[in-house]
Amino acid sequence: MKKIILVYGSITGAVIILSMTLGIYVAKYGGNAFFSSEALGYSIMLIGFSMIFVATKKYRDEDLGGIIKFGTALKIGLGISLMAGLVYVIVWEINLYLTDYEFISEYTDSIINSARESGASAQELEATIEQMEEMERKYDNPWYRLPLTFTEIFPVGLLLSLISAALFRNQNFLSSQKEETTA
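According to this note's numbering, the residues represented by the sequence shown are 4 to 186, in order.
Any given hint could turn out to be false.
Unchecked claim - The following label-pair restraints were derived from C-beta to C-beta distances:
| hint | residue 1 | residue 2 | range |
| --- | --- | --- | --- |
| 1 | G122 | T24 | 11 to 21 Å |
| 2 | E133 | L25 | 27 to 37 Å |
| 3 | S178 | S117 | 18 to 28 Å |
| 4 | Q174 | R140 | 28 to 38 Å |
| 5 | R140 | K5 | 24 to 34 Å |
| 6 | L25 | Q174 | 54 to 64 Å |
| 7 | K5 | Q126 | 34 to 44 Å |
| 8 | D66 | S113 | 46 to 56 Å |
| 9 | A42 | I132 | 47 to 57 Å |
| 10 | Q134 | L170 | 21 to 31 Å |
| 11 | K61 | L149 | 23 to 33 Å |
| 12 | S46 | F176 | 17 to 27 Å |
| 13 | S113 | A17 | 45 to 55 Å |
| 14 | T154 | G69 | 34 to 44 Å |
Claimed, not checked - Keeping only pairs whose Cα atoms sit at most 20 Å apart, straight-line, the calculated SDA-like set for lysine to any residue is:
| hint | residue 1 | residue 2 |
| --- | --- | --- |
| 15 | K5 | A130 |
| 16 | K5 | L99 |
| 17 | K141 | A125 |
It is worth saying that the hints were derived from the structure and are not from the lab. In this text, all values refer to a predicted model and were calculated from it rather than measured experimentally. Cβ atoms here follow ideal geometry from the backbone N, Cα and C, with glycine treated the same way.
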């Protein structure tokens, strides 16, 4: 099981790295720097996490003779999700370092500007500014930032792990065994 988690976790991680790189590029050169690539990023995450299904099916069919327990299938999915989450956090930290940690100030500035443009009252704007200043202070702390970054991706993997485990525990789901017909 470890080998399948490492192989498919690495594939998922590579897809996540590609998605982040592409998302950062699109955000930088494609308009709104923070929201233009969010849908693209999550779509590519889903594609990457599809490896959970592939890995679970492969392990069930090739290593376990076509039968897998829910817990075993869930472990495979969670292992892949954990690897992908760690890759995501590491790549994000590298991106922050390379950009001199400018993300959070640009992000909070965009939230404040959106509040201004939407016609927020002076009191609402002041509350938004205070919230964004607090967010910047918290984000400077890696003990806050790292788990926050991990939770951007891990819930997607957790959900797909649960779905995959529920589906593949049924030995007839995408079974690779050919049913024999009787004449």
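So, going through the hints one by one against the coordinates:
no. : hint                    : in the structure
1   : G122 - T24: 11 to 21 Å  : 37 Å, violated
2   : E133 - L25: 27 to 37 Å  : 34 Å, holds
3   : S178 - S117: 18 to 28 Å : 51 Å, violated
4   : Q174 - R140: 28 to 38 Å : 53 Å, violated
5   : R140 - K5: 24 to 34 Å   : 40 Å, violated
6   : L25 - Q174: 54 to 64 Å  : 38 Å, violated
7   : K5 - Q126: 34 to 44 Å   : 56 Å, violated
8   : D66 - S113: 46 to 56 Å  : 48 Å, holds
9   : A42 - I132: 47 to 57 Å  : 28 Å, violated
10  : Q134 - L170: 21 to 31 Å : 41 Å, violated
11  : K61 - L149: 23 to 33 Å  : 31 Å, holds
12  : S46 - F176: 17 to 27 Å  : 24 Å, holds
13  : S113 - A17: 45 to 55 Å  : 30 Å, violated
14  : T154 - G69: 34 to 44 Å  : 35 Å, holds
15  : K5 - A130               : 49 Å, violated
16  : K5 - L99                : 31 Å, violated
17  : K141 - A125             : 24 Å, violated
Checked against the numbered hints given earlier, the structure breaks hints 1, 3, 4, 5, 6, 7, 9, 10, 13, 15, 16, 17 and satisfies all the rest.
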